[in-house]
Structure formats: C-alpha cells, structure tokens
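Chains as they are written, first to last, in my numbering: chain H, 1 to 221; chain R, 222 to 631; chain B, 632 to 804.
Hints should not be assumed to be uniformly reliable.
Unchecked claim - Under 10 Å between C-beta atoms, here's a sample of chain B residues computed to sit facing chain H:
1. L668
2. Y696
3. P765
4. D785
Unchecked claim - In the PhoX-like style, the derived pairs of lysine-lysine whose C-alpha atoms are separated by at most 25 Å in a straight line are:
5. K298(R) / K561(R)
6. K552(R) / K537(R)
7. K542(R) / K552(R)
8. K519(R) / K552(R)
9. K298(R) / K586(R)
10. K542(R) / K298(R)
11. K786(B) / K775(B)
12. K775(B) / K561(R)
13. K519(R) / K376(R)
14. K57(H) / K519(R)
15. K298(R) / K775(B)
16. K586(R) / K775(B)
17. K420(R) / K57(H)
18. K57(H) / K156(H)
19. K552(R) / K522(R)
20. K552(R) / K298(R)
21. K376(R) / K57(H)
22. K57(H) / K153(H)
To be verified - Incomplete in silico selection of chain R near chain B, CB under 7 Å:
23. D277
24. G281
25. K289
26. S293
27. L325
28. I328
29. A452
30. S480
31. Y565
32. S585
33. R589
34. R593
35. L597
Hint data in this document are derived by calculation from the structure and do not stem from the laboratory. The structure displayed is predicted, hence computed values, not measured ones. No residue lacks a Cβ here, since even glycine has one placed at the ideal position from N, Cα and C.
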Amino acid sequence: MGSLKPVGPESNEQQGSGFFATRADFLINWSRKNSLWPMPLGLSCCGIELMGLLGPKFDLARFGAEAARFTPRQCDLLIVAGTLTWKMAQAARTIYDQMPDPKWVVAMGVCSSSGGMYDSYSVVQGIDSIMPVDVYVPGCPPRPDAVIDAVLKLQKKIEREDPLGRLIGPATAPRPEEGTGKLVFQPNQGLPKGAWDKHAHDPKSRLAIGDPLPRKTEVKP
Amino acid sequence: MTLTKQVFEYVPAPPAGDDPLHGELLTLNMGPQHPATHGVLRLVVTLDGERIVECDPVVGYLHRGKEKSAESLGWHKFFPHTDRLDYVQPLMNNIGYALALEKLAGIEAPPRAQVIRVLLMELSRIMGHLIYLGTQSIDLGAVTIFFYAFKEREKLYEIVDAYTGHRMNNTYVRIGGVYADVDERVERLVEEFLVEFEKGLGDMDALLTRNRIWNDRNRGIGVISRADALAMSLTGPVLRGSGVEWDLRRTQPYCGYESYDFDVPTGATGDCYDRYLVRMEEMRQSCRIVRQALDRLKTVKGDVLVEDRRFVLPPKDLVHKSMEELIFQFKVVTDLRLQKGQSYRGIESSKGELGFFVASDGTSKPLRCHIRAPGLMNIQALPMLAKGRLFSDMVSLIGSMDFVMGEVDR
Amino acid sequence: MSDANATASAPRFVAALGSLPHCVSQSPDGPVVEVELAQLKDVLRALRDRAGFEMCSFVTCIDHYPSEPRFALHHQLLSFEHNDRVRVRCVLPGENAPTCTDLWPGANYMERECFDMFGVRFEGHPDLRRLLMPDGYDHYPLRKEFPHHGIEPDKLYREWDRARREQWTEGAQ
C-alpha cells in the first residue's frame, strides 16, 4: 500500500509518538470509534434508508452506533442524509456548530456529496461547501449496507487520529488538497499518523488555514 | 363502508382557565430539524400556556426545483425526478407521471402492464401507510410499532429489489407500460409477503387499536368536518376519515381499477383516530387488490410496453444490436415530442390525489409540469386543526396528516 | 371513464355560467373554460355556487415567455357530486390576478406558490408571502428567463454566515 506524503520539512510525523502517548491515543480512539452517537439529519429520501439502517434488519447497533439522538449537543457523528438546499443550509450549519468536538460528518447519498441530480437553483452542490466531510457515500439513495461500510471506514479513520497531539500539540494545517502538488506518493507505506492527517473539524487545525470555528457555542442575546 | 367506533370514552382536555401559564404568549420554533416533523418542516407555534394560539408552517426546506428541472430536462428525463417526490412510494409517482403523459400522447399501456401497475401501486400504498404507522407511533411513544412497521417495509423492499434491482427510487415505469415483466420469483415473494403481512398487521392492530394511550392521544383531536375538508382541498385518507366516500380508484378509475373488488373505508367523525382506522383498513384492502392482481398475472399475458417508437424506448438488447433502435432510443430520450396541449391526471396515492398537470407546446421540453402534491394541502390544514389544541396534540396532528416533504416542497 | 363523464356534463356548467362571456374548449382531460381577467372571479364563483365545483384541485400558472401577455392562470376544479373536473384558463395582461381564497380557502398555499415561483400578485390574498424560497430571495424561479442553475443561490446563506462570524469575533475580543 502506498500513501501520499506532504512535500517539505514541515511534516512533523514524529511529534507526540512516545510510548505513553501512543497507548493513550489508542485507548481514546478505540473508545471513540466504538461508541459513535449519530445525529441523523434526515433531509429526504436517504432519511428513509437511514431509518431502515437503524431498524431491525440492518441494525447499526452491531457497530456501536445505534444511539441516535435528535439533539446535536449529544452527538459526535453527523449523518447528512439527503438533499441539502440553501434554505436548509443555515440550519444544517447551526447543527454542525452545536455538536461538541470531536465530531465527524458523513455525507450520505450523492445529493449531499455533490448535489447529485439536482443541479438547480436551490440545492447546495455538495455539503462540503458549508462544512468539512469525512466520508462520502455514493448512491441515490445508498443501500444501508453502504452506510454501514461508511461507518466502518470512519472507524478506521478515527483509529489514525492522535487526540493527545490535538490537545497539546501546536496548531497545524490539515492535509493539503490532492492535486495541488503539495503531496508526493510514497509506495509501500501505510498511512502515517502525521500532522496533516489531523481531524478536519479540529478548531486548531482550522485556525491554521484561516477558517476558524468558535469553541464556544452561540449564545443568543 | 363506514368503520365502527369502539372502546373508550374520549376525555376532553381541561379548560383553558385551569392552565397556570394562561395569558403568557410564547413563540416556539419547531423544526426544521425535529424528529416529529418527519423531514424538514418548520412550525412557528405561538403558545398561550399549553395551548396553541397560532401555528404557521414554513415549508420549502427541501425545495429542489423539480418543476424547473422538468422544463430544462425534457419529458423522458424527468422520470427519475418523479421517484424522489414522495420518496416513501417511488413507483406510485412514476405511474402518476406516466399516466399524465400517456393521456397527452394518446396511448394506453397494454393489459399486462396495467395489472403490474396496479400491483406496484398497491404495494406502494402499503409502503406509504406503513411509514405513517411507524412514524406516528414512534412520536406518540409506541416504539415497538416502528420496528414492526419497518420489518414489514423491509419485506416490501425485498420484493421491489427483486423486481427492479434497487430498494428505492427505482425508475421502472415508462410511457406506455413498465420496463420489464414480473417474474415468478417476484410473484412468490409477494405471495409470501401477503401471508406474513396479515399477521404483522394484526399484531400492530392488536397493539394500537384498543390501546388506551393511543386512543387518548388520537381521539377527538384534529376533527375535520366534511365542509372543511372540501374547502381546504384535502384528499385521500384525510378526506375519507371525514366521511366523504371519494376514492379516485373508484370514481375516476385508471389502470383498470374498476374491475377490481375492494371497499372504500370512511370514518365517522374525522379525527386522528378515524384517519388511523381508515389507513389500517386501506392496507387490508390493498392486500385484497394485490391478491386479485396476482391471480390476473397468471392469466393476462402479453407485452408490458406499447410498441410505439414515437414515445416508447426500444428494448435494450435490440439497442445494442440494431442501428435503427439505437436512433429510436436517442430520439425518445432527447427529443420526445408530445402533441400541443395540456393534460391533468390525478391518481389516488397513499397521501391523497397526486396529480400531474403537464403542458406541452409541441417541442421536446415541457412548457410546464405542475405537480399537485396532496401533502401541501395536508400541511395547509394544520393551522386550522391546531388552533386551540394542546401543544402535545401537535405531534398527533403532524403524524396523522401524513405528508412527505419531498412531495410538499418539490 | 372520467373523460366520457366530463364531456357529457359539459353543458351542465355552461348553463351555470349564464351570460358571463367565456369560451369552452376540449383538452385531453376534459373541458377548459377560457375567460378574461375581468370575468375570472365571477366565473369561478358561478362554478362553485351554481355548478357544484366544491374543491379547487390546484391553481397554477404557465409562463409563455417571450410571447406577450406571458402569464396564464389555471384553476382546476373538481365536483364531488357530479364527479367531473373543469379547468379555468385565464390569460393575465399583467402580473396581477384576483385571489380565490375567499371561495376556496384551500387555494391559499397554491396562490402563495404561484407568487413565489412566478411573481403573480393575487389581490386580496390574506397572506401573500413566499412559500418555498426563502423570504429575502430576489427572483422568481419558474419564470422562463431564470436560469436553471440559479442566480447567486448561496447569497442569503453567505450573508448569514458572514454576520454570524462577525458576531463571534466581536464576542471573542
């Protein structure tokens, strides 16, 4: 397996990788990945499949992610299921902001991934234009199996995070975009645990790319 | 047939004067992300204590511009968009659109296709009503019913999956018929489903119909009189719950519904409980129709698509072999032309009268494709029903009006 | 079939219309009454009161741009007693039309939708606001000159987002 590695000396892969930190990271990641609490933002058709996913046949509880809560303040996994319109975007962004850190986002279905078949005047062309996304699930709507696969992939992604580094390390930018020439291919290497592989929703990381998110939640006067 | 009322006496809510919070107005925002609004509906509710003074539904959070899409895509390419209207019953919407276009084109589906359409429509109706049952009951605290309903829905998805190859949003209906024939495996699955579903429906019936909580939270709430129902353009189970025996399958039949034997249930008072009874009975009647359709499938043989190359896609295996058919395929998809004029066709979907009003100016793009969504009318009636009720009744009301936002917002 | 019913009962509502000027034609789904804007309200009222059309199935508009006058209003009515439908078509000289919410309260949302999508102003409507698009939206999407991709679709969201961020930075300082 190969991986993409950022060019230049600023990649601080070794940082925070002492024995204690590694074991603590492992423990934290293990507990996080097996107890995801999804926030089902069922917007349209995919919402019905999401209900089926939580239902008896597909049973997301087998992967530790069945505790769906309808308030964002209790959840750490936002599943955006369906077409997001610009009218709804404010509500969706508010929900995303209200979720406590750490949080992850799954874009379920082509509509939330890219706008899908709705190339029209009212539809957001992919929710990544208003919030960072961890896993995209194709399909219109995706079968529940595909969403389970996405949750498993997200669990793998959580395994690679370094929560302690995020807590005490310096603010660094998240991974550069592919295709910008800032990444080189490294054959026969696993995905390294480095600064760029940090959590996309990390306020510190986002500060480094000039898109800060507030730590405190919005309080209305 | 009128459904008989039974069991408990309805105890009315206490008078407004007993409410300690009486006199203090509070504006509450419910939605657009709320588990009880079934999608992205937003309700701005003004409360006086526990009582609703005013309720203003705000819709449009799922407005995807379908009617505009129809104008820029063309007749044939709009089919996949109709699936996503009322996404709990995609095949029903397909058929509604196909019927409207067939009327304008002046063609009619072959007999076997009509039987298949009836079969699909009735299975879709059960799908739609099961969503009503599951969501209404989970909102009122009966979580078991949600799982029961979704267990049955999964079996329906298996049938649809076996027939079309996808669980939802299966664009399988064409102008002049359906894409492919039903095979024996699907027929067997449907037969098995009918046997299991009757037992499952009986279980849900036993858990709900005489349930004290269910009765208390549904009876006497959201009463719609006959005159109100007509004035507010309500259709479907909501209208029938108010005692109007009006079912488009019976009164303005399509797809040969006049030759099927079924009853049209009506309620007596028009409250949430009556609408529940009507929907339960409709599911049983749908099973009856599905049985008859299955019997007919054994005798009615023949094509499932009209052989009319002006409007109908050629079979896929021929497209790969023959130049002529490839050209026809290209012409139908990109440049399907219908006669100049307007046509409206309403069908009885599980929510009410789902109508497609199509206007053609003779070119390959529709001049206008208006979708008459029953759900929008049901939402429109919410302020009228909620006024003066307790806030907790709002949940019963939203559930019993049974709308799907994909269709409401289009 | 419904078509046969509708054709047979066409004279029924013609008698109800009396001396009101109109023109009845046939479409694939039944009779269409064409009226002038001045007579629209009277014709609708006559159809409701004297011909028994108890329900307004839908109200919608068709944009005939670039030909002028561009908007045509369509009211589809349904009679339960006689089991037939009729469509009333009215070409609008401008952008104004009389409301029919006093005849059928159910037409409220449909007229709001017409206003939202085409900018047709219904005089006498109790609550003429946008229905589907957000309140501050500047355009009428179903007009023919409006592009399918939209004009600045994210404008309102971006404004909201900017105001929100400014509020946060003020709070942080």
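Evaluation of the provided hints:
1. L668: violated, 29 Å
2. Y696: violated, 17 Å
3. P765: holds, 5 Å
4. D785: holds, 6 Å
5. K298(R) / K561(R): Answer holds: K298(R) to K561(R) is near 19 Å, not above 25 Å.
6. K552(R) / K537(R): holds, 14 Å
7. K542(R) / K552(R): Answer holds: K542(R) to K552(R) is near 17 Å, not above 25 Å.
8. K519(R) / K552(R): violated, 35 Å
9. K298(R) / K586(R): holds, 10 Å
10. K542(R) / K298(R): holds, 23 Å
11. K786(B) / K775(B): The given pair, whose Cα atoms are some 21 Å apart, holds under the 25 Å limit.
12. K775(B) / K561(R): Since the Cα atoms of K775(B) and K561(R) sit roughly 18 Å apart, the hinted pair holds (cutoff 25 Å).
13. K519(R) / K376(R): holds, 22 Å
14. K57(H) / K519(R): violated, 32 Å
15. K298(R) / K775(B): Holds: K298(R) and K775(B) sit about 19 Å apart, inside 25 Å.
16. K586(R) / K775(B): The hint holds at about 12 Å.
17. K420(R) / K57(H): holds, 18 Å
18. K57(H) / K156(H): Status holds; Cα separation ~24 Å.
19. K552(R) / K522(R): With a Cα-Cα distance of about 29 Å, the restraint between K552(R) and K522(R) is violated, given a limit of 25 Å.
20. K552(R) / K298(R): holds, 12 Å
21. K376(R) / K57(H): holds, 10 Å
22. K57(H) / K153(H): holds, 21 Å
23. D277: D277(R) check fails; min Cβ-Cβ to chain B is 9 Å, beyond 7 Å.
24. G281: For G281(R), the interface hint holds, since the closest Cβ of chain B sits about 4 Å away, which is under 7 Å.
25. K289: With Cβ-Cβ at 6 Å, under 7 Å, it holds.
26. S293: Holds. Min distance 4 Å.
27. L325: holds, 6 Å
28. I328: violated, 11 Å
29. A452: Given a least distance of 5 Å, the restraint on A452(R) holds.
30. S480: violated, 13 Å
31. Y565: Nearest chain B Cβ about 5 Å off; hint holds.
32. S585: violated, 16 Å
33. R589: holds, 5 Å
34. R593: holds, 4 Å
35. L597: holds, 6 Å
In summary, the numbered hints that this structure violates are 1, 2, 8, 14, 19, 23, 28, 30 and 32.
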